[in-house]
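Peer 1: Under numbering that gives the first Met the number 0, think of the first position of the sequence shown as 0, with each following residue one higher.
Please note that the accuracy of each hint is not assured.
[Stated by the list, open to error] In silico lysine-lysine, DSSO-like type, Cα no more than 30 angstroms apart, as pairs:
#1 Lys-35 - Lys-23
#2 Lys-38 - Lys-27
#3 Lys-7 - Lys-35
#4 Lys-15 - Lys-27
#5 Lys-35 - Lys-15
#6 Lys-27 - Lys-7
#7 Lys-7 - Lys-38
#8 Lys-7 - Lys-23
#9 Lys-38 - Lys-23
#10 Lys-38 - Lys-15
No wet-lab data here; the hints were simulated from the structure.
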Amino acid sequence: MLTPEEQKEVSELVGKSNTIGLSKESEKRLRRLLDKQWKK
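Build the full structure now, drawing on both the sequences and the hints.
Peer 2: Right, here's the structure in full:
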């Protein structure tokens, strides 16, 4: 499960990726957070 801070970060990263696209770093970060989210 993600903390509220992590969930907020995911929303921001997803929003960014939809508008301007993400840097490699941000993309990795997002992927890591999503993995964590699904593992519970």
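Peer 1: Would you mind marking each hint as holding or not holding in the structure?
Peer 2: The hints, checked one at a time:
Our distance criterion of 30 angstroms between C-alpha atoms is met by Lys-35 and Lys-23, whose separation comes to about 18 angstroms. The hinted pair formed by Lys-38 and Lys-27 meets the criterion: a straight-line CA distance of about 17 angstroms does not exceed 30 angstroms. Taking the CA atoms of Lys-7 and Lys-35, the gap is near 14 angstroms; set against the 30 angstroms cutoff, the hint holds. For the proposed pair Lys-15 and Lys-27, the alpha carbon gap of about 14 angstroms is at most 30 angstroms, so the pair holds.
For the proposed pair Lys-35 and Lys-15, the alpha carbon gap of about 20 angstroms is at most 30 angstroms, so the pair holds. With a C-alpha separation of about 16 angstroms, the suggested pair Lys-27 and Lys-7 falls inside the 30 angstroms cut-off, and the hint holds. Restraint check: the Cα-Cα separation between Lys-7 and Lys-38 comes to about 18 angstroms, which is no more than 30 angstroms; the hinted pair holds. Proximity of Lys-7 to Lys-23 is assessed by CA-CA distance (about 19 angstroms); at most 30 angstroms being required, the pair is judged to hold.
Straight-line distance between C-alpha atoms of Lys-38 and Lys-23 comes to about 23 angstroms, which keeps the hinted pair within the 30 angstroms bound. Proximity of Lys-38 to Lys-15 is assessed by CA-CA distance (about 24 angstroms); at most 30 angstroms being required, the pair is judged to hold.
The structure fails none of the hints (numbered hints given earlier).
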